[in-house]
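Assemble the whole structure, with the sequences as input and the hints as a guide.
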Amino acid sequence: MIQVGKKAPDFTADAYHKGKFVSETLSDHLGKWVVLCFYPGDFTFV
Amino acid sequence: MSTDSVFVHKMWNDNELSKMVKGGVPFPMLSDAGASVGTLYGIYDAEAGVDTRGRFIIDPDGVVQGFEVLMPPVGRNVSESLRQIQAFQLVRKTKGKEVTPSGWKPGKQTLKPGPGLVGKVWEVWKTSMAFD
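So the protein lines, in turn, are chains A and B. Quick note: the first sequence uses numbering that gives the first Met the number 0, first residue 0, plus one each step. Quick note: the second sequence uses numbering that gives the first Met the number 0, first residue 0, plus one each step.
None of these hints come from the bench; they were simulated from the model. In this text, a Cβ means the ideal position worked out from N, Cα and C, and glycines have one as well. Among the hints, a few may not be true.
[Said to hold, decoys possible] Below, a list of computed lysine-lysine pairs in the BS3-like style, where the Cα atoms sit at most 25 Å apart:
#1 A:K19 <-> B:K9
#2 B:K119 <-> B:K104
#3 A:K6 <-> A:K31
#4 B:K119 <-> A:K5
[What the hints assert, rightly or not] Some residues of chain B that are not near chain A, with every Cβ distance over 10 Å (derived):
#5 G41
#6 R75
#7 S78
#8 I84
#9 V90
#10 V98
#11 Q108
#12 K111
#13 W124
[Claimed, not checked] Distance windows between CB atoms, simulated:
#14 A:F20 <-> B:K111: 47 to 55 Å
#15 A:G30 <-> B:K119: 33 to 41 Å
#16 B:K125 <-> A:T11: 29 to 37 Å
#17 B:V62 <-> A:V21: 37 to 45 Å
#18 A:I1 <-> B:F130: 23 to 31 Å
#19 B:D131 <-> A:F20: 20 to 28 Å
#20 A:T11 <-> B:K111: 40 to 48 Å
#21 B:M10 <-> A:I1: 37 to 45 Å
Right, here's the structure in full:
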């Protein structure tokens, strides 16, 4: 369970970024602010 | 991040989103194929088979400062997310010496917690400021 004030669980995931397939690891972004957004699916309307 | 593959992300970005945003999506579109990350963050709807609209603000130490979770039919307010990040950045910069009351936006008055402010918030902050 996620709690404010507690560490965000680390993960690695495949990603598409500016024409390339890359791998992203949350902890690689330590030192920066991160917004992690989930959404139900590509091509959905909202 | 959604449960779609990176291949579907590419199709969506190249064929639709790039028509809305010049140059396409500027940030990485992550694939949560298998839903392990959505499950880890508690926002995966196993019945529907999708990640719901979870949004997490994570600070430079990797600590969750805030989150919001919405059902799929209602979209987010990006300005409100940015406002929250700016507020958390201000609190971090002042090491908590300044805090942001309801309705705060950049440039507006902060509060400086301490013995002198106890019972005196009503003198410096009005309820109308919550709706500015």
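Each hint tested on the structure:
1. A:K19 <-> B:K9: holds, 9 Å
2. B:K119 <-> B:K104: holds, 21 Å
3. A:K6 <-> A:K31: Holds: K6 (chain A) and K31 (chain A) sit about 14 Å apart, inside 25 Å.
4. B:K119 <-> A:K5: With a Cα-Cα distance of about 32 Å, the restraint between K119 (chain B) and K5 (chain A) is violated, given a limit of 25 Å.
5. G41: At about 6 Å from chain A, G41 (chain B) fails to clear the 10 Å cut-off, so the statement is violated.
6. R75: violated, 8 Å
7. S78: holds, 13 Å
8. I84: violated, 6 Å
9. V90: It holds; V90 (chain B) is separated from chain A by about 12 Å at its closest Cβ, greater than 10 Å.
10. V98: holds, 15 Å
11. Q108: holds, 23 Å
12. K111: Since the minimum Cβ distance to chain A is about 21 Å, K111 (chain B) lies beyond 10 Å and the statement holds.
13. W124: holds, 23 Å
14. A:F20 <-> B:K111: 47 to 55 Å: Because 48 Å falls inside the window, the suggested range holds.
15. A:G30 <-> B:K119: 33 to 41 Å: holds, 38 Å
16. B:K125 <-> A:T11: 29 to 37 Å: Since K125 (chain B) and T11 (chain A) have Cβ atoms about 48 Å apart, the given range 29 to 37 Å is violated.
17. B:V62 <-> A:V21: 37 to 45 Å: With Cβ atoms ~25 Å apart, the hint is violated.
18. A:I1 <-> B:F130: 23 to 31 Å: holds, 29 Å
19. B:D131 <-> A:F20: 20 to 28 Å: violated, 44 Å
20. A:T11 <-> B:K111: 40 to 48 Å: holds, 41 Å
21. B:M10 <-> A:I1: 37 to 45 Å: Distance hint for M10 (chain B), I1 (chain A) is violated at roughly 30 Å.
Of the numbered hints listed earlier, those contradicted by the structure are 4, 5, 6, 8, 16, 17, 19 and 21.
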